[in-house]
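Chains as they are written, first to last, in the working numbering: chain R, 339 to 675; chain D, 6 to 261.
These are computed hints drawn from the structure, not numbers from a lab. Glycine included, C-beta positions come from ideal geometry on N, C-alpha and C.
Below, in silico cross-link-like pairs of lysine-lysine (DSSO-like), each with a Cα-Cα straight-line distance of 27 Å or less:
(1) 364/R - 476/R
(2) 201/D - 53/D
(3) 254/D - 672/R
(4) 254/D - 633/R
(5) 23/D - 633/R
Listed below are several chain D residues computed to face chain R (Cβ distance under 8 Å; list not exhaustive):
(6) 40
(7) 125
(8) 129
(9) 130
(10) 144
(11) 145
(12) 164
(13) 171
(14) 225
(15) 239
(16) 254
What the simulated footprint calls covered on chain R by chain D, stretch by stretch (three residues with Cβ under 8 Å from a Cβ of chain D suffice, anywhere in the stretch; the number is not a length):
(17) 433-447
(18) 469-481
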Amino acid sequence: MKTFVYIDHFKGEVQPASWEALGLAKSFGAAIALVFGTGVDAVAKAALEYGADEVLVADDASLADYRAETYASTLTSLASSQSPNLILFPTTARTREMAAMSAVDLNTGVLTDVSALEVNGESFISTRPIYEGKLIEKTVCSGKPVMATIRGRAFPKPNREEGKSGTITKVAAAGEAKSTVEGYSASESAVNLGDAGVIVSGGRGVSNNPSLTPPAGMDEKQAEIWRAQQGFALVTELAQLLGGAVGASRAAVDGGYITYAHQVGQTGKVVAPDLYIACGISGAIQHLVGMRNAKVIVAINKDADAPIFKQARYGVVGDLFQILPALTEAMKKKLGK
Amino acid sequence: MKIIACIKQVPDSEAKVKAEGGQVSWGDAPLVINPFDEYAVEGALQQKEISGGTVTALCVGPESAKEALKHALAMGADEAVLVSDATLNDLDTVGAAKVLAAAIQKIGGADMVVFGRQTLDNGAGLTPAQTARVLGWPMLGLAGQIKVDGGSVQVERVLEEGRQSMKANLPAVLSVVQSIGEPRYPSFMGIRKASKATIPVWSLSDIGASAPAPIVTRTELMNPPAQETATEMITGETPAEIAEKLADKIIAEKVL
Ligand SMILES: Cc1cc2nc3c(=O)[nH]c(=O)nc-3n(C[C@H](O)[C@H](O)[C@H](O)COP(=O)(O)OP(=O)(O)OC[C@H]3O[C@@H](n4cnc5c(N)ncnc54)[C@H](O)[C@@H]3O)c2cc1C
Ligand SMILES: Cc1cc2nc3c(=O)[nH]c(=O)nc-3n(C[C@H](O)[C@H](O)[C@H](O)COP(=O)(O)OP(=O)(O)OC[C@H]3O[C@@H](n4cnc5c(N)ncnc54)[C@H](O)[C@@H]3O)c2cc1C
Numbered sequence: 339m340k341t342f343v344y345i346d347h348f349k350g351e352v353q354p355a356s357w358e359a360l361g362l363a364k365s366f367g368a369a370i371a372l373v374f375g376t377g378v379d380a381v382a383k384a385a386l387e388y389g390a391d392e393v394l395v396a397d398d399a400s401l402a403d404y405r406a407e408t409y410a411s412t413l414t415s416l417a418s419s420q421s422p423n424l425i426l427f428p429t430t431a432r433t434r435e436m437a438a439m440s441a442v443d444l445n446t447g448v449l450t451d452v453s454a455l456e457v458n459g460e461s462f463i464s465t466r467p468i469y470e471g472k473l474i475e476k477t478v479c480s481g482k483p484v485m486a487t488i489r490g491r492a493f494p495k496p497n498r499e500e501g502k503s504g505t506i507t508k509v510a511a512a513g514e515a516k517s518t519v520e521g522y523s524a525s526e527s528a529v530n531l532g533d534a535g536v537i538v539s540g541g542r543g544v545s546n547n548p549s550l551t552p553p554a555g556m557d558e559k560q561a562e563i564w565r566a567q568q569g570f571a572l573v574t575e576l577a578q579l580l581g582g583a584v585g586a587s588r589a590a591v592d593g594g595y596i597t598y599a600h601q602v603g604q605t606g607k608v609v610a611p612d613l614y615i616a617c618g619i620s621g622a623i624q625h626l627v628g629m630r631n632a633k634v635i636v637a638i639n640k641d642a643d644a645p646i647f648k649q650a651r652y653g654v655v656g657d658l659f660q661i662l663p664a665l666t667e668a669m670k671k672k673l674g675k
Numbered sequence: 006m007k008i009i010a011c012i013k014q015v016p017d018s019e020a021k022v023k024a025e026g027g028q029v030s031w032g033d034a035p036l037v038i039n040p041f042d043e044y045a046v047e048g049a050l051q052q053k054e055i056s057g058g059t060v061t062a063l064c065v066g067p068e069s070a071k072e073a074l075k076h077a078l079a080m081g082a083d084e085a086v087l088v089s090d091a092t093l094n095d096l097d098t099v100g101a102a103k104v105l106a107a108a109i110q111k112i113g114g115a116d117m118v119v120f121g122r123q124t125l126d127n128g129a130g131l132t133p134a135q136t137a138r139v140l141g142w143p144m145l146g147l148a149g150q151i152k153v154d155g156g157s158v159q160v161e162r163v164l165e166e167g168r169q170s171m172k173a174n175l176p177a178v179l180s181v182v183q184s185i186g187e188p189r190y191p192s193f194m195g196i197r198k199a200s201k202a203t204i205p206v207w208s209l210s211d212i213g214a215s216a217p218a219p220i221v222t223r224t225e226l227m228n229p230p231a232q233e234t235a236t237e238m239i240t241g242e243t244p245a246e247i248a249e250k251l252a253d254k255i256i257a258e259k260v261l
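Okay, chain R solo, but in the shape it has when bound:
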């Protein structure tokens, strides 16, 4: 059994689920990591340390910026010449596109968002959530190679063996780019909800602290956003203490309190952290579908009747502006930080 594992990175920063895919590949047999880009030696080396049997590196100017077309064509060319049985990807914005396109080239299919993958003779049976997690289906792909994008945090991450060496083979890039990257502005804070073990989220409630007096000269909307930013500062402080990420409800995003990249739910990200702390979020179905698979859910809300409490393992009826700082303090003490 030969598996390709595509290591997804953005400017050298690897999406951790890539390593989880590598671990899964190893459980089936030979795992060959694919690294595309320019100046990606460190990523290739890391792939060996995480257990890749070999790394194929396409280091080419045409791959400097991710473009779906060239990345897909390079993948198609490698798959055609080396005939892997399986190609695994972490599920990310980029891999959905390049796997989608390469599957068209190779006349095969993509199993997406896979949370379990079993081998059955020549075929792979994937398990994946559908209908916003209301159902679970098993699917198979009759094409060759089988392509599958795996869910973050669904498979164990292999141990890293520092300094482990192995074969790194240079391969050629293929295809022609059909677009250009004109610029890039980083998020103020890295938002990596998919891989976060802990997420602390804020909703419309983070703007509700009448006792805070905004700086003079702000109109009502500006004052609301300013208040919300004070609220999100508390959310962020707890998230950072717990080594987690900051999430948000759509009301918070629509209110201009925080960027869309933080949104959890139906039209945002679907997440499954070990711990999810919802602050000032009512618990609308469109939010719940994005986070109800978290292992432990904590809800902090002023309203004892808020639907979020029905999903929560622990609930606190109270003002987040009082509870959050106290919780951060208590955690600091107990965790010895």
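Given chain R, put chain D with the ligands in place with the hints provided.
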């Protein structure tokens, strides 16, 4: 500008969806336009307002999907087309992309085809890029902002890592995210126009396509294991006391 918005019909988010005898059942919950595809229609209409031209809503699905197309018409789309064929029951995303590409050619091509990010039901999120690949057009995915300038289009792509500005020549395939702007409500006039519209239904032979053989198929459908969440409310005299108790509970869960 000739713009096509691709939409799918899905059961409403509030629907109680269940697996029954290997089939998906949503009771009598309404079928609606896929929420992401409302953003696609919105994005298409915004571009029409800026550059002029037409917006055509396109759907591959059963007869009932005309209702979703009517929603797009009521929002302001000029035309709608349904591709429906008895042989299309087990369509996977590659198949859907081939059918969509054939329908786009039959419509007479376009300057821009706008997709949603993902569907609520199957949710593979593959169809836009696959349609672009079949057409051989550039793919600009997850656009939060669109700007057309002469023969090219520039988008702000919304990624977890930040915003990336990408540019390509038209014709191009785009997918949009929520940052594009809230979908407009159908106007009274729009609803009247949509209710009177006759939506052409094309078969596969009408668009010169044959039924694609499905490559990805479902072998089993299950209800997820029931979650029993017994909620424990944490109370106390002061925020500090509550926080103290809650911190102990969280630590005891061993999730940190
Ligand atoms: C098609 C569609 C897609 C959608 N997609 C999403 C999505 O992806 N994600 C999403 O989140 N929503 C989504 N929504 C919106 C969703 O329906 C809700 O409107 C939204 O989740 C509400 O956000 P919220 O809970 O922050 O705000 P609200 O419902 O207004 O709740 C605010 C809560 O804060 C509490 N509160 C107020 N002040 C305080 C305080 N000081 N301390 C503690 N608690 C306080 C209140 O009691 C209340 O419960 C979608 C809706 C539609 C129609
Ligand atoms: C008779 C018939 C019955 C069908 N029955 C089912 C069914 O039971 N379950 C099911 O999931 N699908 C069904 N389909 C539709 C088809 O199988 C799916 O649309 C296709 O596989 C897309 O997969 P997805 O939902 O994962 O889309 P994604 O890849 O998640 O969709 C991304 C975007 O592509 C566009 N798009 C997706 N599908 C369509 C479409 N059909 N028409 C126009 N634009 C589209 C939208 O803009 C969408 O936001 C049926 C189709 C027909 C003709």
